[in-house]
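Asker: If you want the building blocks of each chain, they are given just below.
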Amino acid sequence: MNNDQNSFLSSSQPIDIIDGNITSTSNQNELSTLDEPIFETIKRDLSAVLRKFSHALIPRQSLTLLQQWDLWGPLILVTTLAILLQTNTTKTSSGMHFAEVFILMLIGSIAITINSQLLGGKISFFQSICVLGYCLLPLLISAFINNFLFYLPYKSILHIIRFLIVMIAFTWTMYASICFLGQTQHPNRRILVLYPIFLFYFLVSWLIILHTHSK
Amino acid sequence: MMMFASDGFLTDNSSSTNTGQTHVFTSFPNSAVDVDDEHSGNKTINQSDSNQYTLPLPATANETTSEQYHLWQIEYYQKYFQVDTRQVVERLIGSITPRPNKSYFDSTIRQNPDLYGPFWVCVTFILTVAISGNIVDYFHKSATEFQIDFSKITLSALLILIYWWLMPTAIYFFFRWRLNRIEYTFLELLCIYGYSLTIFIPISILWIIPINWLQWTSTLIASIISGSVLIVTFWPTINSDHKRFSALSMLIILFVHLLMALCIMLVFFHVSDKNINPTTETTTVFTTVLSTTPK
Numbered sequence: 001m002n003n004d005q006n007s008f009l010s011s012s013q014p015i016d017i018i019d020g021n022i023t024s025t026s027n028q029n030e031l032s033t034l035d036e037p038i039f040e041t042i043k044r045d046l047s048a049v050l051r052k053f054s055h056a057l058i059p060r061q062s063l064t065l066l067q068q069w070d071l072w073g074p075l076i077l078v079t080t081l082a083i084l085l086q087t088n089t090t091k092t093s094s095g096m097h098f099a100e101v102f103i104l105m106l107i108g109s110i111a112i113t114i115n116s117q118l119l120g121g122k123i124s125f126f127q128s129i130c131v132l133g134y135c136l137l138p139l140l141i142s143a144f145i146n147n148f149l150f151y152l153p154y155k156s157i158l159h160i161i162r163f164l165i166v167m168i169a170f171t172w173t174m175y176a177s178i179c180f181l182g183q184t185q186h187p188n189r190r191i192l193v194l195y196p197i198f199l200f201y202f203l204v205s206w207l208i209i210l211h212t213h214s215k
Numbered sequence: 001m002m003m004f005a006s007d008g009f010l011t012d013n014s015s016s017t018n019t020g021q022t023h024v025f026t027s028f029p030n031s032a033v034d035v036d037d038e039h040s041g042n043k044t045i046n047q048s049d050s051n052q053y054t055l056p057l058p059a060t061a062n063e064t065t066s067e068q069y070h071l072w073q074i075e076y077y078q079k080y081f082q083v084d085t086r087q088v089v090e091r092l093i094g095s096i097t098p099r100p101n102k103s104y105f106d107s108t109i110r111q112n113p114d115l116y117g118p119f120w121v122c123v124t125f126i127l128t129v130a131i132s133g134n135i136v137d138y139f140h141k142s143a144t145e146f147q148i149d150f151s152k153i154t155l156s157a158l159l160i161l162i163y164w165w166l167m168p169t170a171i172y173f174f175f176r177w178r179l180n181r182i183e184y185t186f187l188e189l190l191c192i193y194g195y196s197l198t199i200f201i202p203i204s205i206l207w208i209i210p211i212n213w214l215q216w217t218s219t220l221i222a223s224i225i226s227g228s229v230l231i232v233t234f235w236p237t238i239n240s241d242h243k244r245f246s247a248l249s250m251l252i253i254l255f256v257h258l259l260m261a262l263c264i265m266l267v268f269f270h271v272s273d274k275n276i277n278p279t280t281e282t283t284t285v286f287t288t289v290l291s292t293t294p295k
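Going line by line, the protein sequences match chains A and B. No gaps in the numbering here: position 4 of the first sequence is 4 in the UniProt record's numbering, and each next residue is one more. No gaps in the numbering here: position 87 of the second sequence is 87 in the UniProt record's numbering, and each next residue is one more.
Honestly, the hints are just simulated from the structure, not real lab data. Cβ atoms here follow ideal geometry from the backbone N, Cα and C, with glycine treated the same way.
Examples of chain A residues lying across from chain B (beta carbon under 10 Å, computed):
#: 1; residue: LEU85
#: 2; residue: VAL101
#: 3; residue: ALA111
#: 4; residue: ASN115
#: 5; residue: LEU118
#: 6; residue: LEU119
#: 7; residue: HIS186
#: 8; residue: ASN188
#: 9; residue: ARG190
#: 10; residue: LEU192
#: 11; residue: LEU199
#: 12; residue: PHE202
#: 13; residue: TRP206
#: 14; residue: LEU207
Label pairs and their calculated CB-CB ranges:
#: 15; chain 1: A; residue 1: GLU40; chain 2: B; residue 2: ILE74; range: 35 to 41 Å
#: 16; chain 1: A; residue 1: LEU164; chain 2: B; residue 2: ILE211; range: 24 to 30 Å
#: 17; chain 1: B; residue 1: THR217; chain 2: A; residue 2: ARG51; range: 51 to 57 Å
#: 18; chain 1: A; residue 1: LYS122; chain 2: B; residue 2: ILE209; range: 42 to 48 Å
#: 19; chain 1: A; residue 1: PHE198; chain 2: B; residue 2: LEU206; range: 16 to 22 Å
#: 20; chain 1: B; residue 1: LYS141; chain 2: A; residue 2: LYS43; range: 47 to 53 Å
Bound-form chain B, shown alone (with noise of 0.2 Å):
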């Protein structure tokens, strides 16, 4: 056990009772022992000198294998992409199956937070809804008057990284101004709402298919889906409080999910009853979803 001795220094407790020569030196850097002082004959080796080799190392010398890592170099962010195929797996399948009472952020992603699921899911959302956008084009235009259109794939990738990134900001400062703790680390957020756009992906190949009814009973079922994923998850936390407040909490989470669902729908794929022609336009997001509200 390692205490304080009278000369100050950290000492093992057997060697401080130990008034005579030997000494137990637990533990002293390699190169403090000097082989020429002892044979030299320094006469002022006594207890409170040998006490000096019994200090413990300092805690970085401990951990070797774990090197500090700057920001510029990309071993630095390597630790937010410590995860396998399976866990990838097993967190996408938990995370467009609602069970009532497990939280699969609990069982699989508290842990181990990545960053490479919800990355990839995202940039797939933002490619399968551009392209799916230029199929629709390409189907109900002419072959004279189709062009590629670029600007889907930039306006896409904009409205889902706003959601991804704005959803878990806006929750962070409410926990913390809410509860004063830090419940889910940003990162965990950043997580939860990546994942939860998996179950857009199918949908959004399913959004070619120009049936008015079908869009929007399958972007209805798809935002509850994947909506109610996101409320079991925040539920433990948010119970803690009023029940009417975290009702209404957990209703506008829902809300501002199929929000953004009706958005990207509207936006990109909406036939209305009204005309076959799609409008074209994308300039900006609101003019389009304003012209193109159903009856």
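This is chain A alone, in the form it adopts within the complex (with noise of 0.2 Å):
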């Protein structure tokens, strides 16, 4: 053995050495993004995002949102709705109700991919969570809408203004998910999709009507 070694590595004979760069040095065009600059890449990741959001908003094209899925936008805007859905939380309890929705919305997500796939539907489970985040837009915008009018003086109106913003909401983002989702199932099946779609997106629209806070 240790001959062996000794005369492998000490051996006076040419070996072929094979030597070279890691890097590509044959076509330009390929898809390495590892020596880009750090700020290409968020920026384009960023770009896609907020694209998708616009998609999301006003639903005209029915590609992208499926075929180019990503989780940032549920992420984010999950995450964002859950700390603004806080209500009346003391330092110790807000960690519960934060995961208390967060927890909602996943399980929420997760059931209805898992409808829509028993019933035959030929989504991929991310497509459909990457579908259903990025229709919370409207619901978040209204939830932020919510928050402002909270300051002002007329209580009582309030609550019928706040109701029907959320409503408006809720209706753009079920228009928006069943741009997206209502192709992909079978027609005779359609409404058996959408219903739970409608389910989850109204209990989000109630939690965030519900949701009141004290100053």
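Two chains, two frames, some hints: make the complex.
Answerer: Pasting the structure below:
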């Protein structure tokens, strides 16, 4: 053994050494994003996320959200919504409320995805979560508006205004998700798939409506 | 007609009487026929060898479309979800309209029990109860005290899911013990009980209105309607038993149904006459029921 190692290490015969660079030198068109500066990466991903937001707000093109899915948008939206929905919490219990809202949305998305797969839909798990998350944007905007409206003095009529705003956002959200997810199902079963989505967004809208805070 | 020939192989009748060289190859796998063998002058080709090619294919080879799915694949569960919108709506309507002689179960569910309807009816019921319970709290408490009570969702989920699974289990084993046969499969029982909760969904929204007699009468009417649908469904089976026993078991089914509705009404919605502020502790079901028993 020892002899072999020594002979290998101290060989005087010319060994064919293959050397070269690890980077690809041939084709600059290859999708190698390892070399680019971080700013470029962030800019590209951020613009993709923002583009998807715009598609979710104005649902005209139904392919981008499904084919180039990513989970950044849903994460940002759900986290922001969960933070906004903290009501009357002390320091110790705010963690629990955040977790409850987050888990509720997660379980809801999973249930809807499994439901549409069981009914024979051809959509994958993460695509469905992506669409459901991005379509939450109108509801998030309504939650923001409700938060600002709470500082106005007229209390009784504010209930009705907040209710109306959230209902408008809810119909907008439903319309967007119908545009995206309704096409993936057989027409006989479309309502069966859309009903759980309706329930999910309904629950989120009620969470937003019932959200009040005191000063 | 397939029959066993003298050499023990299953053959067609016509070929067994045929002693000549003409054989009727009724069914043989494609790979079993080797063209080279016939041309190489295999002298031992006779009746018994060629009879091997008339064995029928194994049974599983006929089903080329349905593969055997496993428990962890989602396609395994797709067979419980073979429904269209129209069928689900039919079953929902059938579960809230009791017809004395016609059981909606036989006409709609029996051929094709599904899990979509019962599951989503239960989830809808859970959510409407939880949301309505929170709305009741919202209007009764001041704005500073109100907090969204997530424990209502878990509590209502517990109550309703237990009811949805407990009663079919009890009835399934009751039928097996009493009648010694499986009249309804477990899936069909789940279906029946799931759809029977449909009527409580609008009732749970009605329960928000804090008028005492309205809550009680709506509970009674809803449980009687859906309970009678249950009774009509189970009546043909239980009727073969003793008259008193069958009446008793039907009454028990109706009673448990009513009990479930009352529990939910009392725990989440009840406004007693003594005080306008309802109790907000929902720690255990029994203490709340005991403490809010009306006069």
